[in-house]
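Peer 1: All chains, please: the whole structure from these sequences, using the hints.
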Amino acid sequence: MVERRNFLKFSLSAIPVGASLVAGESIAGAAPQALQSNAIAPEVFTTLEHTVVPGAKPSVPIPLSAVSRFKQYGYGNWTLGNPLPAELRTDLMPASYDATTTRRKEKLLSFFTISDIHITDKETPNQLIHLGRLVESHLAISAALYSPVMMCSTQVLDAAIQTVNALHAKNPIDFGLSLGDVCNSSQYNELRWYIDVLDGKVIHPSSGAHLGADSIDYQKPFKAAGLDKSIPWYQALGNHDHFYMGSFPVDTPLRPDLRASYTSDTVFATGNVLADVNNLKEPVYYMGVLDGASPDGAIRHAGKVADFPHPPKVAPDANRRPVGTEEWMAEFFKTSSLPVGHGFTPANAKAGFACYSFVPKSTLPLKVIVLDNTQREDDGSPDIHGHGFLDLQRWNWLKAELAAGDAAGQLMVIAAHIPLAVEETNPPPVLPTGKKQSPMGWWVNPDPTAPVQNAVDLPGLIAELHRHPNLLMWLSGHRHLNTVKAFAGPTPQAGFWQVETSSLRDFPQQLRTFEIHLNSDYSISIVTTNVDPAVQEGTPAAKSRAYAIAASQIVKDGDKVDNYNPTGDPSVHFMPRGSYNAELRKQLSPEMVRVLKAKWG
Numbered sequence: 075m076v077e078r079r080n081f082l083k084f085s086l087s088a089i090p091v092g093a094s095l096v097a098g099e100s101i102a103g104a105a106p107q108a109l110q111s112n113a114i115a116p117e118v119f120t121t122l123e124h125t126v127v128p129g130a131k132p133s134v135p136i137p138l139s140a141v142s143r144f145k146q147y148g149y150g151n152w153t154l155g156n157p158l159p160a161e162l163r164t165d166l167m168p169a170s171y172d173a174t175t176t177r178r179k180e181k182l183l184s185f186f187t188i189s190d191i192h193i194t195d196k197e198t199p200n201q202l203i204h205l206g207r208l209v210e211s212h213l214a215i216s217a218a219l220y221s222p223v224m225m226c227s228t229q230v231l232d233a234a235i236q237t238v239n240a241l242h243a244k245n246p247i248d249f250g251l252s253l254g255d256v257c258n259s260s261q262y263n264e265l266r267w268y269i270d271v272l273d274g275k276v277i278h279p280s281s282g283a284h285l286g287a288d289s290i291d292y293q294k295p296f297k298a299a300g301l302d303k304s305i306p307w308y309q310a311l312g313n314h315d316h317f318y319m320g321s322f323p324v325d326t327p328l329r330p331d332l333r334a335s336y337t338s339d340t341v342f343a344t345g346n347v348l349a350d351v352n353n354l355k356e357p358v359y360y361m362g363v364l365d366g367a368s369p370d371g372a373i374r375h376a377g378k379v380a381d382f383p384h385p386p387k388v389a390p391d392a393n394r395r396p397v398g399t400e401e402w403m404a405e406f407f408k409t410s411s412l413p414v415g416h417g418f419t420p421a422n423a424k425a426g427f428a429c430y431s432f433v434p435k436s437t438l439p440l441k442v443i444v445l446d447n448t449q450r451e452d453d454g455s456p457d458i459h460g461h462g463f464l465d466l467q468r469w470n471w472l473k474a475e476l477a478a479g480d481a482a483g484q485l486m487v488i489a490a491h492i493p494l495a496v497e498e499t500n501p502p503p504v505l506p507t508g509k510k511q512s513p514m515g516w517w518v519n520p521d522p523t524a525p526v527q528n529a530v531d532l533p534g535l536i537a538e539l540h541r542h543p544n545l546l547m548w549l550s551g552h553r554h555l556n557t558v559k560a561f562a563g564p565t566p567q568a569g570f571w572q573v574e575t576s577s578l579r580d581f582p583q584q585l586r587t588f589e590i591h592l593n594s595d596y597s598i599s600i601v602t603t604n605v606d607p608a609v610q611e612g613t614p615a616a617k618s619r620a621y622a623i624a625a626s627q628i629v630k631d632g633d634k635v636d637n638y639n640p641t642g643d644p645s646v647h648f649m650p651r652g653s654y655n656a657e658l659r660k661q662l663s664p665e666m667v668r669v670l671k672a673k674w675g
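Just add 74 to the spot in the sequence shown (first one is 1) and you have the working numbering.
Worth double-checking, as some hints may not be accurate.
Unchecked claim - With a straight-line Cα cutoff of 30 Å, these simulated DSSO-like cross-link-like pairs (lysine-lysine) come out:
#1 Lys673 - Lys244
#2 Lys441 - Lys408
#3 Lys435 - Lys244
#4 Lys303 - Lys424
#5 Lys297 - Lys408
Unchecked claim - Ranges of calculated distance between the beta carbons of each label pair, as one might list FRET restraints:
#6 Glu123 - Gly642: 29 to 35 Å
#7 Val667 - Ser133: 57 to 63 Å
#8 Pro330 - Val276: 50 to 56 Å
#9 Pro159 - Ala421: 41 to 47 Å
#10 Asp643 - Pro159: 18 to 24 Å
In case anyone wonders, no lab produced these hints; they're calculated from the structure. For glycine and all other residues, C-beta sits at the position ideal for the given N, C-alpha and C.
Peer 2: So, in structure tokens, the structure goes:
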């Protein structure tokens with residue numbers, strides 16, 4: 075069985091054709107109405123101050139789709155709990171290191187990360203909603219494919235951005251990084267909603283016939299707050315941004331009609347791809363849609379094909395079309411926030427090459443290397459496309475960026491969607507223990523003669539990273555987790571940290587802040603803190619938090635969110651309720667110490 079962090083992360087028959095709305099457009103035929111805004115709670119805090127504590131798991135089992143019964147049986151309840159202190163981590167420091175003798179000398183940088191937003195068009199005809207219901211015994215799968223959080227993805231992002239703005243007003247933030255999977259299934263309208271929320275535009279979070287747009291809270295148009303214009307933000311590519319459901323090339327030979335299914339008026343039918351990816355070509359189940367006219371997002375048009383007298387129909391929408399990597403990047407130039415392109419250049423978009431680097435502060439010798447380490451559409455992989463991968467061009471580019479950073483005397487941070495060495499590398503599909511492989515580890519082409527291969531294996535990549543003592547950390551998303559891993563090197567200076575940021579979709583629905591400090595002994599402290607969006611009671615974002623908590627309570631393995639560590643790595647510490655705050659110490663090379671001493675004395 076494929077695991078969650080692995081697989082991914084309505085209308086009636088005679089409804090007339092509709093068109094999806096992007097910012098600034100209006101619903102055809104609809105009466106003008108005042109736009110709602112989605113305010114956040116007045117108190118904004120991080121998990122260093124308060125934590126979100128889910129209520130006890132209710133005793134009455136109900137299915138995840140029984141949204142109308144959540145409150146009745148006590149699902150989704152939460153309270154504010156105690157602070158989560160930052161754990162001081164000295165794993166990478168010499169054995170003789172005494173942390174008590176060191177004080178912070180200078181704050182160098184402050185930034186935030188968001189990841190795996192999974193903006194979802196809940197009314198598109200080919201989301202795998204019914205498949206999620208078929209495997210509801212497993213959070214890792216079922217909530218990835220169907221969860222009531224699908225109703226409110228734009229509003230949750232808006233709440234997160236307002237929370238960042240409030241934190242920025244207290245303590246200025248230099249920039250933001252989005253670590254990929256902004257879309258759920260590589261759709262144009264999903265991408266535009268995402269960019270437009272950060273730009274502060276009018277969002278119409280419905281598609282097709284726009285059912286419920288004048289009456290249902292999660293369907294109503296709203297004015298997004300937008301990220302504070304003084305905060306530049308940068309973007310990385312995720313597997314869901316250019317693969318169908320993050321898993322299959324849109325033009326896969328397994329299903330020649332997959333591309334057309336995005337904008338079709340007929341609900342998509344397929345088999346259980348979790349049991350076998352080849353079942354994608356088997357039209358066994360209609361996958362269903364969410365009914366936007368239903369307050370609880372009822373599932374319609376889902377079930378066995380044999381049980382339907384006629385194929386179920388929806389209002390088609392041209393703006394549901396899938397976007398390839400080139401067009402995906404090109405959309406980031408259609409923005410009112412900075413920088414234009416959000417890190418990508420026109421050359422990036424033209425070539426489909428989603429790698430770049432930037433220097434966030436001209437006065438600081440530090441650069442951020444944004445790396446595309448997702449699989450290629452033409453790699454021929456027979457598996458879910460969620461593995462880590464670098465073709466030769468990207469591998470050579472990364473090595474050149476690291477070497478240039480060393481030569482320039484720069485500290486370095488790598489931001490990539492997929493983390494390193496936290497899931498088993500494929501193949502084989504079955505481990506010696508009998509457990510199935512995760513399709514989120516480093517990719518190895520099972521056909522060594524195939525023209526597309528990974529240019530570097532995982533040990534080779536880690537060995538290369540250890541050759542660059544100026545590398546502070548590797549940032550990633552993908553697994554919807556908040557883990558921190560130490561990559562100890564052959565010397566203390568060679569080590570680096572890996573920090574994962576959880577998803578805004580699944581509990582705990584958090585972002586991260588980072589502060590990088592220079593210490594009095596010329597070591598570096600990286601203070602990383604989880605932040606819950608400050609949701610206002612009664613808003614769709616607040617409902618989404620309750621839905622996300624309910625999902626973790628309902629499905630069988632929801633408690634794994636506390637400590638998901640399949641490899642048993644001792645450097646991955648316990649995450650109470652899925653959150654983890656830390657101060658990460660890192661020793662610098664003598665050359666880098668000289669550079670910083672020349673600047674800060």
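Peer 1: Assuming the hint says 57 to 63 Å, is it satisfied by the Cβ distance from valine 667 to serine 133 or not?
Peer 2: holds (59 Å)
Peer 1: If you draw a straight line from the CA of lysine 303 to the CA of lysine 424, is it 30 Å or shorter?
Peer 2: Given that 30 Å is the threshold and the Cα spacing comes to 27 Å, the pair holds.
Peer 1: When you check the alpha-carbon spacing of lysine 441 and lysine 408, does it fall within 30 Å?
Peer 2: Within the cut-off at roughly 25 Å; holds.
Peer 1: Quick one: are aspartate 643 and proline 159 within 18 to 24 Å, going by C-beta?
Peer 2: holds (22 Å)
Peer 1: Does 29 to 35 Å hold as the CB distance between glutamate 123 and glycine 642, or does it fail?
Peer 2: holds (32 Å)
Peer 1: With the threshold set at 30 Å, check whether the alpha-carbon distance from lysine 297 to lysine 408 stays at or below it.
Peer 2: OK: lysine 297 and lysine 408 at ~18 Å, within 30 Å.
Peer 1: Is 41 to 47 Å right for how far apart the beta carbons of proline 159 and alanine 421 are?
Peer 2: Given about 45 Å between the Cβ atoms, the range holds.
Peer 1: Under the criterion that the straight-line Cα-Cα distance not exceed 30 Å, is the pair lysine 435, lysine 244 satisfied?
Peer 2: holds (20 Å)
Peer 1: Is the gap between the beta carbons of proline 330 and valine 276 within 50 to 56 Å?
Peer 2: violated (37 Å)
Peer 1: Between lysine 673 and lysine 244, is the straight-line Cα distance small enough, at 30 Å or below?
Peer 2: holds (27 Å)
In summary, the one numbered hint that this structure violates is 8.
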